[in-house]
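Undergrad: Here are the chains, one letter per residue:
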Amino acid sequence: MPYEILEKKELGHSGAIYEMVLHTPLIAKKTHAGNFVLLRINETGERIPLSIADYNREKGTITVVIQVVGKSTKLLCNQNVGDQILDVVGPLGNKIHIKKYEYPIVIIGGGIGIAPCFPQAKELKEAGNEIITILGARSKDLLIWKEKMETMSDQLIITTDDGSKGMKGVVTDPLKKIIQERKISLVIAIGPLIMMKYVALTTNGTGDLPKVKTFVSLNTIMVDGTGMCGSCRFSTIEGDIQFACVDGPDVDGHIVDFDNLLKRASRFLDQEKESFECYDAECRALEQLKKEVE
Amino acid sequence: MMKKIEEDNKSVKPPNRIAKSKSKSHKKLQRVQIKLQDPKIRITNFEEVSLGLTEEMVEYETQRCLQCENPLCVPGCPVNIKIPQFIKLLEEKKYIKALYKIKTDNLLPAICGRVCPQEIQCEQACILNKLGKPIAIGYLERFIADWERKNNLKECPECAVPKGIKVAVIGAGPAGLACAGELAMRGYDATIFEAFHTGGGVLSYGIPEFRLPKEIIKSEIETLEMLNVKLEYNIIIGKTLTIEDLKEMGFKAFFIGVGAGLPIFVKVPGLSLNGVLTANEFLTRSNLMKAFKFPDYDTPIKIGKIVTVIGGGNVALDSARTALRLNAEKVIVVYRRSEAEMPARREEYHHALEEGVIFQFLTNPVKFIGDENDDLKQMEVIKMELGEPDESGRRRPIPIENSNFLIKTDMIILGIGTRANPILTKSIPDLKLSKWGYIETDKNCQTNIEEIFAGGDIVTGAATVISAMGAGKRAARGIDKYLQRKYLKMN
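Chains S and V, in that order, are what the protein sequence lines are. Counting from 1 along the first sequence, just add 877 to a position and that's the residue number in our numbering. Counting from 1 along the second sequence, just add 97 to a position and that's the residue number in our numbering.
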């Protein structure tokens, strides 16, 4: 079954973030907030886990947001409308629990982690919750989906590391203020591991701040995505093993051993670099060839 | 099991031709020697270790067969291939007929000829064991299947008239493939739903290229497609589609053959260190995702200098031998029992020894030890001794106090077994399961839900390829009976 790219759009102004709409009718039909897909671009490709950032059951589509970080993401971003992805499988992982909470929910998205916040915000908003959104990015060029998130938020705060948009600082700065000032039922944080680590540290109740239930979404290194291989496993602070693919991807942020997970996340760095350099050289050689032909 | 067959041997009257065979030269009792790739060379590549038989070797080996009137090898085979008949046809060089003879009972001979443990099945039952070495039934099966492929033939048995009834087979592993093939031959419209992008199940993700080239799986699946079996990839039943969806799509019966895919972890500290991984992850990266061809293929694999594999089964040995081929300097298999209790096939054990795998028997891990970067550096182990036999009939390993020592290692592969994956079973709440999550069935492979059948590792726990295929075939017969009664008004 072919999985066609129906739309492609650059997000932000960094030249490295894209939104793609894929034709995956069976997956779209079953998708809920929290689910992800595994995607293999071509015969030699690896299985890339991508959060489902939006879906349309009638049109049979899902939306994914990709940032170029290595060979596979670059290869994916080089695909265009009309191109076909060889394999897309899903929806994987657990959907999030949707209900009406007593107090507001704070949803924090960092970098391209903002995208998978959207379906969570949408479904929780539709269930009658008050949503306070915090979006964080390194700079304004890397900020995505601000307008989309605005439609699902009662309040929206932006932070950038360099102050080029919104508050200068990190997402935990406004978070601290919010949980100090008012009662919050739930915090949801999706973004880089380091961001989720500090959000969890802010809300775990160990400092002067109150404890707030916090979910983080773990996008660890995966192969099968169905609990078979254990590549995606993380350790809890107590030392138990859990799998991001079948126990998550959204898990209680207060039980995750982030320090270990940060080290596990970098275990293929050398290979990722090698792979990217090979592909980059190949791309440049091709471009050179094209120029020579012209 | 071994004991049972010996008793059976006594109770069966020896075939008449035994007497004749005694007069044959002693040489006839010598089993054909298969050609292997030189160990020094083969650890530098992923090509098949065993090179197969030549026609001359087949001629020699088939002539050794006594053509027993009451063959013991046939009941020794989980799918009851008519072994003496196909050997006779091979001897007469009627290769196509020999193929038909096998394929009526087994549509996947190239696979079974390679990965079946013949030494504890058909070959163990062979009467020649009493006089010398058994017929190399597995090699002969493999020869004829390879001959078919080399000659670009695709011989299929005749299928029954189509009945126009759709049956869904969940999982394209050995059980599912065998079940779908048998259903097709019985005239059913069978569709296999597979979670991965390719078929074969454990044959694809678990067994390495050097033991079972993936080309062969592809070719055997093409044979099924010729029987009009349909394959739908990238579909996880329980996620992408449910049994209820399949019912709406018109499927009348279901076979669950999803295997036992979840890894078991040893309960020791240090499991999250970098360098500790499951055999499932290691083999899936290498076999299914072809990480052994990195960076031509994008899936990475990282090999330690000193690789330790925990476990003594085929999965552990496959991991050890894969690690050697991926340039590990030293590979040690750590097994808690002794050589005699190792569940791995003897042939694979010998191949591993020839290739330089080191075996550390009667040893069990206690702790995995890393550095400040959480990179694995060494493993603390304890020596074991064997006590009284346990439920499995094997002597139970008992730790020897104060016998701990350290093994320097920067990669540990856990190959100590697998358990049931709950993704599918969780989506069918009424399905009766054992307390370990395996599906409970009757002798026809029928579950407590009449239209749902199951077989293979999801019923028995991790077992062999051929026993899964046997269950798949049995289930197809059970499904046939059920559908005949329900929809075709036959008894």
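In short, the hints are calculated from the structure, not lab data. Quick reminder that beta carbons are idealized off the backbone N, C-alpha and C, glycines included. Among the clues, some could well be false.
Here's a subset of chain S near chain V, in silico, CB distances under 10 Å, partners left out [claimed, not checked]:
id, residue
1, 886
2, 887
3, 890
4, 893
5, 896
6, 912
7, 919
8, 1116
Heads up, simulated DSBU-like pairs for lysine-lysine below, C-alpha to C-alpha not over 30 Å straight-line [claimed, not checked]:
id, chain 1, residue 1, chain 2, residue 2
9, S, 1150, V, 125
10, V, 125, V, 194
11, S, 1140, V, 474
Undergrad: Tell me, in ascending order, the numbers of any earlier hints that this structure violates.
TA: 1, 2, 3, 4, 5, 9
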